[in-house]
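Using the sequences and the hints given, assemble the complete structure.
Numbering (UniProt numbering), first residue to last: 1 to 457.
These aren't lab readings, by the way, just hints derived from the structure by calculation. From the three backbone atoms N, C-alpha and C, an ideal C-beta is built for every residue, glycine too. It cannot be assumed that every hint is accurate.
To be verified - Straight-line C-alpha distance at most 25 angstroms; calculated SDA-like pairs for lysine to any residue: (1) K309 <-> A350; (2) K309 <-> E373; (3) K267 <-> R307; (4) K323 <-> D360; (5) K309 <-> L263; (6) K267 <-> S342; (7) K323 <-> I359; (8) K323 <-> C426; (9) K309 <-> A322; (10) K267 <-> T243; (11) K267 <-> L305; (12) K323 <-> P375; (13) K267 <-> V244; (14) K309 <-> E298; (15) K323 <-> K267.
As the list claims (entries may be wrong) - Label-pair restraints from in silico Cβ distances: (16) A198 <-> S276: 50 to 58 angstroms; (17) A191 <-> H367: 52 to 60 angstroms; (18) P136 <-> W321: 52 to 60 angstroms; (19) P238 <-> D362: 45 to 53 angstroms; (20) R212 <-> Q269: 39 to 47 angstroms.
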Amino acid sequence: MPQRAIGLAPYNHQMNPHQSLRGQTHVPANNLHRLVLLRGTAHFGLAAVVVVAHWLLGLAVPLGLPLIILGVMVIDNASAWRLTQHIDSVSRPRFLRHLLVDIAGLTALLYVTGGHANPFASLYLLPLAVAASTLPARDTGTLALASVACYTALMFWNIPLAHSPAMAHDSFNLHLFGMWGSFVLAAGVMAFFVAAMAEELREREEVLALAREAALRDQQVVALGALAAGAAHELGTPLSSMTVLVDELSERCPDEPAVQDDLALLKSQVLRCRESLGRVLAAGGELRGEGAGVGNTEHLLRQTLERFKALRSDHPVRVAWAKPPPGPDLVIEETLIQSVISLLNNAADASPQPIGIEIDWDVRWLHLSIRDEGPGVSADLLPHLGRRGVSGKPSGHGLGLFLAQSVIRRMGGELALEFSRGHGSCARVTLPVLAPAAAREMSHASEDGHGIAPIVG
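See the structure below:
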């Protein structure tokens, strides 16, 4: 059974994890959805209480006015439910308005059913609990003042409940029973809402952790880029000197074929180093997207394999296309090609057996799998692969995998590694593909000096 070691997706979340309640202007729609469920439960419970009090307990509770008030509240709740079906967030004032409607509706309901003496007056706390967990302190304070003002007004203006003569001696017990019902209703809906909010807070903490990890990784990549650029500048002079020395040695030994062959090989290796350093310097100051091109999958694979075979000419590679080439278009950057080469190098280091490349795609994603027949890695190392300084090779530093992971994530893709002890490993690269219209638009933009240039090949 293969074990997944890495599964890193790009950071993309609708919620801004760094946004506090004080600075927010909108509330996520899922909070409004939970409020709709909470209100619906409360409306059903209050309607049941009114009916039971009128028909079973003998209280002179008028059915008409309470049910009309509840009907208006249900209509407002239905409009809120419809709103949640079409938006991702709701403005903070609108969310506050829904809570103020609840306060007003509860006040009207209590006014016609005994005022402050009604045991269900404690339901004023429900909108406050919701506001405290979703809105800034200023809005919560506004709602608290409205609740206190309404409850205070009910102490002076209300329609008292009249008890039937048969139930007069049990009025205190009925009040206690009403307090129990109010507590059960409030506890149920508050537990639901608070539990849901706690789950959302846990998700927010996870998003924050991912964002911090991504920021730290980006800082490390920038630092490595700066070091690479500095090293490239420093190595330029020694490589130039080596080129001159090789030419001089070649002129001194024109009649020694073996020496000439060795010098030719040495010069080709020096030139390859200079080309690699040139690519580092050329890409060092580029922003994302600059120097990139739009090309098909076959072109990406051809460029990658040409450079890989120049490095590891003795290592065979087998390519399997799930669908006929050339495959979909995608954005091709120098860093992406280098990342795939790094994964191929890891596979070549793991086993002398041929490397297997499998290519598949759908309308949104390109799936590139690189398989080797190596020994795999230990279970203790699995959770740490992909971090800087962690490698499955005795002499490795993990930089290749670390940078490949960062590049693929930056391009909106995902890198996942799977290992089976004794049965090799598989690096799965998932990259977003470009729709034909998007590819044409980016190519046309490049003709005006903007956008990404097309790659022909």
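Hint consistency between K323 and I359 [alpha-carbon to alpha-carbon, up to 25 angstroms]: The hint holds at about 8 angstroms.
K323 paired with D360 [C-alpha distance capped at 25 angstroms]: The given pair, whose Cα atoms are some 7 angstroms apart, holds under the 25 angstroms limit.
Supplied distance hint 52 to 60 angstroms, evaluated on CB atoms of P136 and W321: Holds, at about 55 angstroms.
Pair hint K309 and A322, alpha-carbon separation not exceeding 25 angstroms: 23 angstroms, holds
Holds or violated: K267 to L305, with C-alpha atoms at most 25 angstroms apart: OK: K267 and L305 at ~23 angstroms, within 25 angstroms.
25 angstroms Cα cutoff - pair K267, R307: Holds, at roughly 18 angstroms.
Range hint compliance [Cβ, R212 to Q269, 39 to 47 angstroms]: Hint holds: Cβ distance 42 angstroms, inside 39 to 47 angstroms.
Pair hint K309 and E298, alpha-carbon separation not exceeding 25 angstroms: Holds - the C-alpha atoms of E298 and K309 are around 16 angstroms apart, at most 25 angstroms.
Given hint S342 paired with K267 - CA-CA distance at most 25 angstroms: 24 angstroms, holds
S276 and A198 - C-beta distance against the hinted 50 to 58 angstroms: 52 angstroms, holds
25 angstroms limit on alpha-carbon distance, applied to hinted pair K267 and T243: OK: K267 and T243 at ~6 angstroms, within 25 angstroms.
Pair hint K323 and K267, alpha-carbon separation not exceeding 25 angstroms: This hinted pair is violated, its Cα atoms lying about 41 angstroms apart.
Consistency note: the structure conflicts with the earlier hints numbered 12, 15, 17.
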